[in-house]
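Participant: Chains as they are written, first to last, in full-length UniProt numbering: chain A, 1 to 286; chain B, 1 to 324; chain C, 1 to 326.
Please note: incorrect hints may appear among the correct ones.
Claimed, not checked - Quick look at which bits of chain C chain A covers, simulated, 3 or more residues with Cβ under 8 Å:
| no. | segment |
| --- | --- |
| 1 | 71–83 |
| 2 | 103–116 |
| 3 | 120–128 |
As the list claims (entries may be wrong) - One side only, chain B facing chain C, incomplete, derived with CB under 10 Å:
| no. | residue |
| --- | --- |
| 4 | A192 |
| 5 | I194 |
| 6 | L195 |
| 7 | L222 |
| 8 | L244 |
Just so you know, these hints were derived from the structure itself, not from any lab.
Ideal placement from N, C-alpha and C gives every residue a C-beta, glycine not left out.
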Amino acid sequence: MNAFWREYAENKVALAAALIVLIIVSAALSAPWIAPQDPYDLAGLNLMDARRPPGFVGSNGYPHLLGTDAQGRDLFSAILYGLRISLQMGVAAGLVALSIGALLGILAAQAGGWIETAIMRVVDLQLSFPAILLALVLVAVLGQGKSQLVIALVAAQYAYFARTAYGAASAERRKDYVEAAAATPLGTLHIVFRHILPNVLPPLIVVATVQVANAISLEATLSFLGLGLPPTEPSLGMLIANGFQYMMSGRYWISVYPGLALIVLIVGINLVGDQLRDQTNPRLRR
Amino acid sequence: MTAPLLEVTDLRTHFLTRAGVAKAVDGVSFSLAPGEILGLVGESGSGKSVTGFSLIGLVDPPGRIVGGSICFAGRDLVGLPPEEMRALRGRRIAMVFQDPQATLNPVLTIGQQMALALQAHAWVSDRAAAERAAAMLTRVGIPEAASRLSNYPHEFSGGMRQRVAIAMALLNGPELIVADEPTTALDVSIQAQILAEMKALARESGTALIWISHDLATVSSLADRVLVMYAGRIVESGPVGEVLRAPRHPYTRGLLDSLPAMAEPGQRLRQIPGTAPSLLALPPGCPFAPRCPRADAACAAPPPPRVESDGRLFLCHHPLEAAA
Amino acid sequence: MTALVEARALTRRFDPRLTIGDRIAAAFGATVETRTVRAVSDVSFAIRKGETLGLVGESGCGKSTLGRMVAGILPPSGGAISVDGQPVMRGGHKTTTRIQTVFQDPFASLNPRRRIGDTISEGPIAHGLVTRAAAPAFVADWLTRVGLDPAVATRFPHQFSGGQRQRVAIARALAMQPEILVCDEPVASLDVSIQAQILNLFLDLRAALGLTCLFISHDLSVVRHVSDRVAIMYLGRIVEIGAAARIYAAPRHPYTQALLDSVPKLRLDAASVAFRPIAGELPSPLSPPEGCAFHPRCPRASDLCRRDRPVLTAQPDGTEVACHHA
Chain A
1 MNAFWREYAE NKVALAAALI VLIIVSAALS APWIAPQDPY DLAGLNLMDA RRPPGFVGSN
61 GYPHLLGTDA QGRDLFSAIL YGLRISLQMG VAAGLVALSI GALLGILAAQ AGGWIETAIM
121 RVVDLQLSFP AILLALVLVA VLGQGKSQLV IALVAAQYAY FARTAYGAAS AERRKDYVEA
181 AAATPLGTLH IVFRHILPNV LPPLIVVATV QVANAISLEA TLSFLGLGLP PTEPSLGMLI
241 ANGFQYMMSG RYWISVYPGL ALIVLIVGIN LVGDQLRDQT NPRLRR
Chain B
1 MTAPLLEVTD LRTHFLTRAG VAKAVDGVSF SLAPGEILGL VGESGSGKSV TGFSLIGLVD
61 PPGRIVGGSI CFAGRDLVGL PPEEMRALRG RRIAMVFQDP QATLNPVLTI GQQMALALQA
121 HAWVSDRAAA ERAAAMLTRV GIPEAASRLS NYPHEFSGGM RQRVAIAMAL LNGPELIVAD
181 EPTTALDVSI QAQILAEMKA LARESGTALI WISHDLATVS SLADRVLVMY AGRIVESGPV
241 GEVLRAPRHP YTRGLLDSLP AMAEPGQRLR QIPGTAPSLL ALPPGCPFAP RCPRADAACA
301 APPPPRVESD GRLFLCHHPL EAAA
Chain C
1 MTALVEARAL TRRFDPRLTI GDRIAAAFGA TVETRTVRAV SDVSFAIRKG ETLGLVGESG
61 CGKSTLGRMV AGILPPSGGA ISVDGQPVMR GGHKTTTRIQ TVFQDPFASL NPRRRIGDTI
121 SEGPIAHGLV TRAAAPAFVA DWLTRVGLDP AVATRFPHQF SGGQRQRVAI ARALAMQPEI
181 LVCDEPVASL DVSIQAQILN LFLDLRAALG LTCLFISHDL SVVRHVSDRV AIMYLGRIVE
241 IGAAARIYAA PRHPYTQALL DSVPKLRLDA ASVAFRPIAG ELPSPLSPPE GCAFHPRCPR
301 ASDLCRRDRP VLTAQPDGTE VACHHA
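Please build the complete structure, drawing on both the sequences and the hints.
Facilitator: In structure tokens form, the structure reads like this:
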């Protein structure tokens with residue numbers, strides 16, 4: 001394990017990306033303690049402070065580092081809380097999609113026959129269908145709310161996990177150690193959970209990092225379009241949408257800073273995911 | 001005695017890895033006369049393949065030739081500029097690998113590849129190239145060679161593919177062929193065919209051959225001389241029959257005794273205990289001492305002496321008796 | 001002597017799996033391989049208790065497929081394999097623990113993410129041969145018996161050399177307390193000196209435990225060393241089977257003769273060697289020749305061989321040979 005991290009640290013870009021992701025995640029987690037303002041507490045907002053540029057010292061007596069939005073919300077605080085929600089959605093959707101996808105993928109590989117065909121054709125169909133479109137339709141049908149959004153994100157993403165799990169499981173179950181377990185004999189469930197699953201998990205975790213980033217951007221897109229979360233819980237996408245109308249009037253900060261936070265987070269997670277993928281790819285191993 | 005074609009002196013190829021310096025080849029010296037077949041025998045990690053790759057200048061990083069010289073037809077190949085090495089390789093020195101896929105391009109026909117190999121080193125017309133390619137394929141035992149020039153590598157069976165790789169190696173009439181376990185992946189019946197053809201080709205064309213193998217039996221029936229490698233060093237060398245009949249180094253003896261053919265069926269084999277030492281931490285004395293039945297205190301400290309007489313050579317403090 | 005393991009008319013076909021894409025391509029006239037491969041055809045043999053049967057042949061002859069059927073990994077398409085009259089497989093699943101297997105590649109046959117102690121004990125725990133509480137002592141005992149330090153039980157496979165891994169694989173198989181061991185090329189991937197160590201371990205444990213074995217290898221000298229009887233396979237069928245000493249001394253089937261002739265022997269004299277290779281190439285198992293499968297390469301082939309397939313026939317000396325001209 002140590003050697004794994006030492007090798008990881010040799011890629012300076014990936015190391016910096018991991019640090020940035022770590023800082024963003026811990027800042028988002030500790031938002032209630034480090035944010036100067038609770039953006040959900042409408043009573044604490046003052047319309048006099050609305051649309052002020054970065055650095056403005058408002059009626060509460062502290063400077064708004066990144067300015068304020070149309071309701072007079074401190075943008076720095078709003079971004080921290082927005083990141084929190086975005087990460088929550090991304091990680092929740094990623095984990096559920098991972099579990100469902102892994103289960104379906106391994107089931108398809110193990111069962112074979114018509115079960116395999118049925119599962120994998122549906123997965124292929126979904127992979128050829130734009131994820132955003134599917135999520136849009138689902139959100140429109142299910143309505144707004146955190147759990148509805150997670151369902152939409154999972155439905156749009158489980159196919160990636162299923163495909164990866166299917167590929168990895170098909171490769172693993174042909175290996176001698178699985179045959180050896182079958183020749184002992186050990187039960188099918190025992191073989192699946194004790195032998196195949198632990199060996200399928202590493203590639204899935206790599207996919208999961210990238211898919212968490214995708215879920216976050218998908219959620220931001222939906223929220224930007226006003227279909228994601230209710231306005232009482234503004235995620236990054238909604239912050240960007242809220243500031244969008246002021247872009248042309250010079251009040252760039254309302255959209256640009258949440259947008260930057262989103263980009264940095266997504267690029268950071270993707271860089272971490274790339275390095276993990278390279279490191280777990282036996283063909284690139286020295 | 002003719003002048004040697006190849007003279008390797010104190011060759012050292014080391015791998016600078018994360019865990020330290022692996023001395024894969026550590027002070028290997030030997031020479032090879034034109035037309036001679038030399039068997040290079042050892043187990044995995046003995047440095048036999050790295051020696052072969054060093055000769056043709058194909059040691060990949062983190063491996064590096066850190067010392068010694070490889071004198072081929074009067075020129076030292078160590079430190080030769082890459083482009084000169086490339087010009088030499090394929091024309092005067094050729095290599096045959098265990099896996100013929102390593103030399104064959106899957107998207108070109110055999111005829112195209114052979115023409116490219118010919119035209120890389122001299123101006124040859126396409127028609128002449130095809131003729132020479134077909135002639136060479138016939139020589140290595142491929143039936144209907146002319147019509148098979150338009151086939152892709154995957155259209156040949158494993159044994160046939162290895163013959164094609166050998167034909168490619170022979171195409172420019174090299175003076176030296178380095179063959180690394182070329183028949184290990186093949187079935188015995190195919191192996192026998194290729195051994196027979198290689199031997200005949202070396203005898204007819206005067207090409208020198210270095211045959212790298214773990215298999216004492218193939219080497220014994222093919223080679224003139226044998227080098228036995230252990231932990232990056234040559235521990236014994238000499239005419240193949242003499243070395244195998246009366247080995248002087250305990251490792252050679254142990255290797256022979258490990259063969260099932262040397263024991264009565266069903267009886268225990270006289271095994272060598274233990275495993276080969278790590279190339280990262282070789283003992284200061286004889287590397288075989290920890291597994292050697294004859295080892296004593298003397299073997300632990302200074303490296304064993306190099307004893308040379310009558311074309312035989314061995315490095316051992318306590319050599320076995322010479323044959324009567 | 002009664003037969004402990006009995007194979008009756010074992011056959012294994014492999015049908016090509018056609019994907020939707022293949023079917024569409026075939027409908028448009030593309031050449032899609034639809035022929036069935038018969039990897040093993042109508043093979044019958046018996047192994048007596050305490051005996052080792054060696055199974056030899058070149059790659060693609062079906063010896064591994066046969067071994068996997070005997071080991072209960074692959075269900076036969078036809079025929080049956082039984083131990084003491086009980087079938088090894090039922091409904092595609094292995095039902096007995098009396099047969100265990102040692103695989104060729106000790107790098108692939110051990111789960112890379114399991115500690116070797118767990119690998120050795122999981123079968124015996126699952127089948128109630130040992131309790132979870134007693135497992136550590138049980139594992140230590142088996143590691144000692146295969147010549148490993150009991151302290152290595154908590155290590156992972158990548159921390160071992162090839163020879164050590166094969167010892168672990170042997171311990172895993174024997175910890176199930178089988179009567180029969182199927183060894184599929186157990187020393188093929190090992191160095192000469194390590195191969196000798198593993199063969200010695202095999203001989204020792206076989207004697208100590210009174211094992212009955214099916215020993216599969218392409219290496220004729222290894223098979224000669226460990227086997228009481230030998231079966232030679234060519235294109236999915238046994239062409240000759242009998243006492244090892246007899247077959248090696250006087251092979252009767254032309255293929256056995258050619259195979260033995262083509263093996264490079266260790267030459268201790270300086271005399272030049274004439275290799276005697278088998279003419280021609282192994283035919284594709286997709287379209288095996290009519291009649292005797294060996295006839296295109298056989299020096300003794302006649303019209304009869306081209307027309308009728310010879311069946312295994314007992315000879316006066318007890319060996320069985322499938323050849324019209326034996």
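Participant: Between the segment 103–116 of chain C and chain A, are there enough contacts, at least three residues with CB-CB distance under 8 Å, for the coverage claim to hold?
Facilitator: Our answer is that it holds, as 10 residues pass the Cβ test (under 8 Å) against chain A, meeting three.
Participant: Does the closest beta carbon of chain C sit nearer than 10 Å to the beta carbon of L222 (chain B)?
Facilitator: holds, 8 Å
Participant: Answer holds if the nearest beta-carbon of chain C is closer than 10 Å to that of L244 (chain B); otherwise answer violated.
Facilitator: holds, 5 Å
Participant: Close enough to count: is the Cβ of I194 (chain B) nearer than 10 Å to one in chain C?
Facilitator: holds, 9 Å
Participant: So, as I understand it, the hint says L195 (chain B) touches chain C; can you test that by seeing if any CB pair is closer than 10 Å?
Facilitator: Holds: closest Cβ of chain C sits about 6 Å from L195 (chain B), inside 10 Å.
Participant: Tell me whether the statement that chain A covers the segment 120–128 of chain C is true, taking a Cβ distance below 8 Å and needing three residues at minimum.
Facilitator: holds (count 4)
Participant: Counting residues of the segment 71–83 of chain C with a beta carbon closer than 8 Å to any beta carbon of chain A, are there 3 or more?
Facilitator: Contact hint for the segment 71–83 of chain C vs chain A: holds, 3 residues under 8 Å.
Participant: Under 10 Å is the threshold here; is the Cβ of A192 (chain B) close enough to any Cβ of chain C for the hint to stand?
Facilitator: holds, 4 Å
Every hint from the earlier list agrees with this structure, and none is contradicted.
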